[in-house]
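Enquirer: Construct the entire structure; sequences and hints are all you get.
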Amino acid sequence: MLATALSRAVEWTLPAVPGVLDGPVSAVAGTLAYLAAPRARRAVRANIAVIAPDRRDRELVVRRVFVHQARHYIETFRIGRLSADRLLAQVDIHGWSHFTRAFARGRGVVLVSAHLGPVALCGQILAAQGYEVTIPVETKSSELGRAVDRARTAFGGIRMVETSSAIGIHRVLRQGGILGMLADRAVTGIGVRVPFFGREALLPSAHVSLALRTGAALVPAFAHRDGGRLHATVEPELDLPSTGDREADVSEGVRRWAEVLERHVRRAPEQWSMFAPAWDQ
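Following the numbering used here, the numbering of the sequence shown begins with 6 at its first residue and continues without gaps.
FYI, nobody ran anything at the bench for these hints, they're computed from the structure.
Some hints could be false.
[Unchecked claim] Label pairs and their calculated CB-CB ranges: (1) D97 - R271: 15 to 21 Å; (2) G249 - P282: 32 to 38 Å; (3) S247 - W17: 45 to 51 Å.
Backbone N, C-alpha and C define an ideal beta-carbon position, used for all residues, glycine too.
Expert: This is the structure we're talking about:
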């Protein structure tokens with residue numbers, strides 16, 4: 006009962022925060038989260054040590070990870086109050102033609118991203134331009150998690166399907182639709198170990214497996230914040246191997262994805278919302 010009340014309060018309160026206060030509010034909330042979560046703090050610190058070993062301000066970068074995540078929450082809960090024009094005015098889009106060309110082929114698109122930057126907000130640009138996106142999600146056990154999912158779909162054009170619904174997921178691609186996935190955390194422990202920042206890391210493989218199995222295009226896309234502007238970058242479609250050895254092809258596909266992911270995480274390590282160890286410690 007209390008958890009439900011608190012999550013509902015968050016849903017109603019955060020969207021009402023004036024945009025001019027996003028920075029100060031997220032700085033306070035993020036710093037409090039940084040201080041209150043020693044396990045997550047240690048994980049972020051270990052990740053940043055791998056990503057940016059030469060940074061002398063590493064602890065500041067660690068704290069900023071929490072601050073950026075707080076801001077992402079504020080912006081996510083505000084999604085339902087945005088118009089398409091207002092949303093598109095906030096985001097600079099780069100490489101959009103990579104997506105439209107892949108979509109035009111009619112074989113479906115796996116649009117793959119990461120917990121990097123304002124991904125939930127920037128992901129709405131597809132809905133704002135008339136596309137429907139399906140996002141596979143795990144069943145949420147917390148009221149806050151369910152509230153976040155409600156916020157992500159509040160704009161319209163984005164629907165969610167349980168990850169356990171293999172038929173529903175495959176149907177989206179076989180009908181030429183768009184599947185949106187985040188592939189920087191092997192939450193279930195299932196994936197492929199590939200080089201990532203010079204060390205072996207376990208990364209998810211479902212996005213590559215789906216693209217290979219259905220013939221859909223695998224298109225990486227990322228979000229990041231640069232000062233007061235939001236940026237959505239669509240990368241060229243990944244060229245996936247097809248040798249007939251499915252296990253080897255999936256592994257190589259994940260390796261190629263990891264190369265693209267590494268480049269974007271390296272550009273803005275403080276915006277990578279990874280609160281668990283990304284590498285075996």
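Enquirer: Each of the hints needs a verdict: does it hold here or not?
Expert: Consistency of the hints with the structure:
At roughly 20 Å, the beta-carbon separation of D97 and R271 lies within the given 15 to 21 Å, and the hint holds. As the Cβ distance of G249 to P282 is approximately 35 Å, the hint placing it in 32 to 38 Å holds. Between S247 and W17 the CB atoms are about 50 Å apart, so this pair conforms to the stated range of 45 to 51 Å.
In summary, this structure violates none of the numbered hints.
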